[in-house]
Amino acid sequence: MTRFVIRRLISMVLVLFAISVLTFLIFQVIPNGDPAQRMAGRLSTPETVAAIRRTWGFDDPIWQQYLTTMKKIFTGEVISYTQQVNVLDQIWQDLPATLSLAIGAGIIWFVMGVLFGVLSALRAGHFTDRALTVAALVGVSTPVFLLGAVALYFFAFKVQLFPNGGYVPLTQDPVDWLYHLILPWLCLSVLFIGIYSRVLRSNLLDTMSEDYVRTARAKGISERRVLVRHVLRNSLIPIVALWSLDFAAVIGGGAILTESVFNLQGVGQYAAESIHQLDVPPVMVVVMLGAFAVVILSAITDVIFALLDPRIRLTGS
Amino acid sequence: MGSRQPTPNADHLLEVEDLRVAFRTEDGVVQAVDGVSFHVDAGEVLAIVGESGCGKSVTGMTLMGLTRSPNARFAGRATFDGQDLVSASDEQLRRIRGAEIAMVFQDPMCSLNPVQRVGTQIAEQLRAHNELDKDAATERARGLLERVGIPRPAERLRAFPHELSGGMRQRVMIAMALSCDPRLLIADEPTTALDVTIQAQILEEVRQLREETGAGVILITHDLGVVADVADRIAVMYAGQIVEQGTLDEIFYDPQHPYTWGLLGSIARVDRPRPARLPAIAGTPPSLANPPHGCRFRPRCPHAFAQCSELPPLETRAGHPDRCWLTPQEKREKREVAGQIGLAGGEVAAA
Numbered sequence: 001m002t003r004f005v006i007r008r009l010i011s012m013v014l015v016l017f018a019i020s021v022l023t024f025l026i027f028q029v030i031p032n033g034d035p036a037q038r039m040a041g042r043l044s045t046p047e048t049v050a051a052i053r054r055t056w057g058f059d060d061p062i063w064q065q066y067l068t069t070m071k072k073i074f075t076g077e078v079i080s081y082t083q084q085v086n087v088l089d090q091i092w093q094d095l096p097a098t099l100s101l102a103i104g105a106g107i108i109w110f111v112m113g114v115l116f117g118v119l120s121a122l123r124a125g126h127f128t129d130r131a132l133t134v135a136a137l138v139g140v141s142t143p144v145f146l147l148g149a150v151a152l153y154f155f156a157f158k159v160q161l162f163p164n165g166g167y168v169p170l171t172q173d174p175v176d177w178l179y180h181l182i183l184p185w186l187c188l189s190v191l192f193i194g195i196y197s198r199v200l201r202s203n204l205l206d207t208m209s210e211d212y213v214r215t216a217r218a219k220g221i222s223e224r225r226v227l228v229r230h231v232l233r234n235s236l237i238p239i240v241a242l243w244s245l246d247f248a249a250v251i252g253g254g255a256i257l258t259e260s261v262f263n264l265q266g267v268g269q270y271a272a273e274s275i276h277q278l279d280v281p282p283v284m285v286v287v288m289l290g291a292f293a294v295v296i297l298s299a300i301t302d303v304i305f306a307l308l309d310p311r312i313r314l315t316g317s
Numbered sequence: 001m002g003s004r005q006p007t008p009n010a011d012h013l014l015e016v017e018d019l020r021v022a023f024r025t026e027d028g029v030v031q032a033v034d035g036v037s038f039h040v041d042a043g044e045v046l047a048i049v050g051e052s053g054c055g056k057s058v059t060g061m062t063l064m065g066l067t068r069s070p071n072a073r074f075a076g077r078a079t080f081d082g083q084d085l086v087s088a089s090d091e092q093l094r095r096i097r098g099a100e101i102a103m104v105f106q107d108p109m110c111s112l113n114p115v116q117r118v119g120t121q122i123a124e125q126l127r128a129h130n131e132l133d134k135d136a137a138t139e140r141a142r143g144l145l146e147r148v149g150i151p152r153p154a155e156r157l158r159a160f161p162h163e164l165s166g167g168m169r170q171r172v173m174i175a176m177a178l179s180c181d182p183r184l185l186i187a188d189e190p191t192t193a194l195d196v197t198i199q200a201q202i203l204e205e206v207r208q209l210r211e212e213t214g215a216g217v218i219l220i221t222h223d224l225g226v227v228a229d230v231a232d233r234i235a236v237m238y239a240g241q242i243v244e245q246g247t248l249d250e251i252f253y254d255p256q257h258p259y260t261w262g263l264l265g266s267i268a269r270v271d272r273p274r275p276a277r278l279p280a281i282a283g284t285p286p287s288l289a290n291p292p293h294g295c296r297f298r299p300r301c302p303h304a305f306a307q308c309s310e311l312p313p314l315e316t317r318a319g320h321p322d323r324c325w326l327t328p329q330e331k332r333e334k335r336e337v338a339g340q341i342g343l344a345g346g347e348v349a350a351a
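So the sequence lines, in the order shown, correspond to chains S and E.
Following the numbering used here, the numbering of the first sequence begins with 1 at its first residue and continues without gaps.
Following the numbering used here, the numbering of the second sequence begins with 1 at its first residue and continues without gaps.
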């Protein structure tokens with residue numbers, strides 16, 4: 001276990017380093033990306049631009065600029081170029097919206113994915129299965145910005161069943177929080193429900209033909225018990241692993257589109273706006289935060305994996 | 001004796017009459033079991049012998065209801081304890097399965113759930129058929145592991161299948177099968193996946209079980225060598241049908257069907273001079289989706305003649321029933337190959 005943790009920590013540092021360098025370099029080569037020019041505005045004199053360059057350190061060699069930025073990130077002093085506010089404060093403020101979206105959607109897509117997957121496998125080849133297959137394909141192929149826009153048009157504009165976007169903190173009004181989040185949750189979940197139900201369906205069908213399922217049946221236990229304790233239990237292992245990785249990806253910026261469509265003011269939307277303005281510090285922080293979430297959750301996934309399947313050992317290789 | 005009439009006999013533990021199992025597949029209807037009749041008495045070991053795909057496993061699994069699926073069709077009867085297993089409801093069968101009739105499967109590597117402790121898996125079966133709390137079931141499971149010769153059983157209860165050797169796992173499977181004191185044990189190739197020393201131990205386990213509990217045993221195998229050690233009677237199956245049935249001595253010393261000769265000829269024997277190459281039966285078993293007309297063994301039989309294009313009935317003409325048109329006299333002459341029983345022609349090597 002200690003070896004596992006140490007190995008994971010080392011790989012996390014490497015991943016974060018690589019990701020941050022890449023992100024930083026991308027913004028160096030982007031056309032029209034000179035931050036001093038952008039800060040100074042369109043009608044600025046070359047002197048103003050040069051002054052900004054000096055004060056912000058844009059004259060320094062790239063590696064030094066990178067080190068300064070990283071230092072500022074880790075000391076919590078990093079300031080965005082455009083709004084010139086503290087990036088970490090801003091993210092801290094946006095995080096509840098993103099977490100609310102991710103956790104709610106995560107629960108919905110897991111439960112619905114499992115439900116539809118089981119239904120599909122039990123009725124394999126029948127109408128229910130075929131209908132769910134088509135639904136899953138449509139769900140997987142519909143982009144979330146289209147789905148979100150259509151949902152908003154019908155349920156917020158035409159029928160006015162739900163609010164037209166926006167976010168209300170849970171601490172302020174739990175009912176209003178729920179009311180604002182239902183549409184985003186569902187829209188974000190659709191893609192994952194489609195994928196999960198298909199993956200689980202094929203896992204279930206594979207597991208059903210395993211020898212140990214035949215043994216379970218030969219023991220004379222009830223069919224329901226065979227399905228739940230032996231078939232489903234074994235089929236869910238990869239689904240759980242998939243879930244925690246997807247969940248990490250959603251926290252780490254995977255919900256950019258959903259947040260923007262529904263104007264949730266979360267971390268993803270902040271990242272989207274910052275990218276729009278070629279504002280390097282917030283993008284760096286969000287990207288690193290996402291990488292951090294993925295690395296941490298994949299380590300947790302490995303632990304869960306080992307708990308669910310005794311054949312897997314953490315210390316191996 | 002005369003030809004045995006398939007009449008229900010209340011004295012038999014299990015009486016199978018004209019059992020037919022067909023599966024609808026993409027290649028058409030596969031008649032996996034085609035009119036099989038046999039019986040098993042308490043305390044008796046019946047061996048069903050045949051090549052892979054001859055329908056012997058399907059026969060065994062059908063008795064347990066494990067072949068039931070929307071694509072399967074069944075006919076015939078299998079009377080166990082006055083109840084027909086073929087027409088029994090799923091719930092009736094579930095109650096019999098694991099309690100009255102238990103099964104040991106071929107591959108112990110895949111036959112246990114990889115993510116459950118073996119103690120849990122044994123206890124699950126005990127609790128499905130008995131009013132037992134968790135602790136009592138675990139205690140019974142421990143006793144069962146001890147009974148099948150697993151050292152340190154209390155510790156092994158907590159082991160996962162991958163932590164045990166193949167022989168150990170098969171012992172766990174046997175412990176599980178024995179857990180509810182079944183009256184009939186169906187062992188489907190119980191030793192095939194194991195090495196030879198473990199095979200002998202597992203067979204000893206089967207023999208002991210029969211002696212201790214008086215249970216009937218159906219031993220399904222492709223290996224006549226295994227059969228010689230434990231079986232009382234033998235049914236030889238070929239292409240979904242029984243081609244010969246008799247006591248151990250009848251099959252080994254007076255085999256009537258050429259297929260049986262081939263099986264006997266292909267046993268490696270240490271008490272005879274070693275052949276350059278182990279004799280094998282030429283050709284492959286026929287497809288059950290499209291079986292040959294007449295005698296099913298005809299395409300592979302070096303002794304086939306005109307009458308073989310008609311399916312021979314399972315008839316007793318030399319002490320026990322077989323499916324072959326040759327006269328007993330002809331059979332006695334033709335089964336001698338180089339001084340021992342064998343199937344002439346094909347790939348038979350010179351002794």
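Heads up, a few of these hints could be off.
As the list claims (entries may be wrong) - To give a feel for the contact side, a few chain S residues facing chain E, derived at Cβ under 8 Å:
no., residue
1, M208
2, A216
3, E273
Unchecked claim - Listing some non-contacts, in silico: residues in chain S with all C-beta distances to chain E over 10 Å:
no., residue
4, V5
5, L88
6, E210
7, I221
8, N234
Don't read these hints as lab results, they were simulated from the structure.
Built from N, CA and C at the ideal position, the CB exists for glycine as well.
Hints breached by this structure: 1, 3, 6, 7, 8
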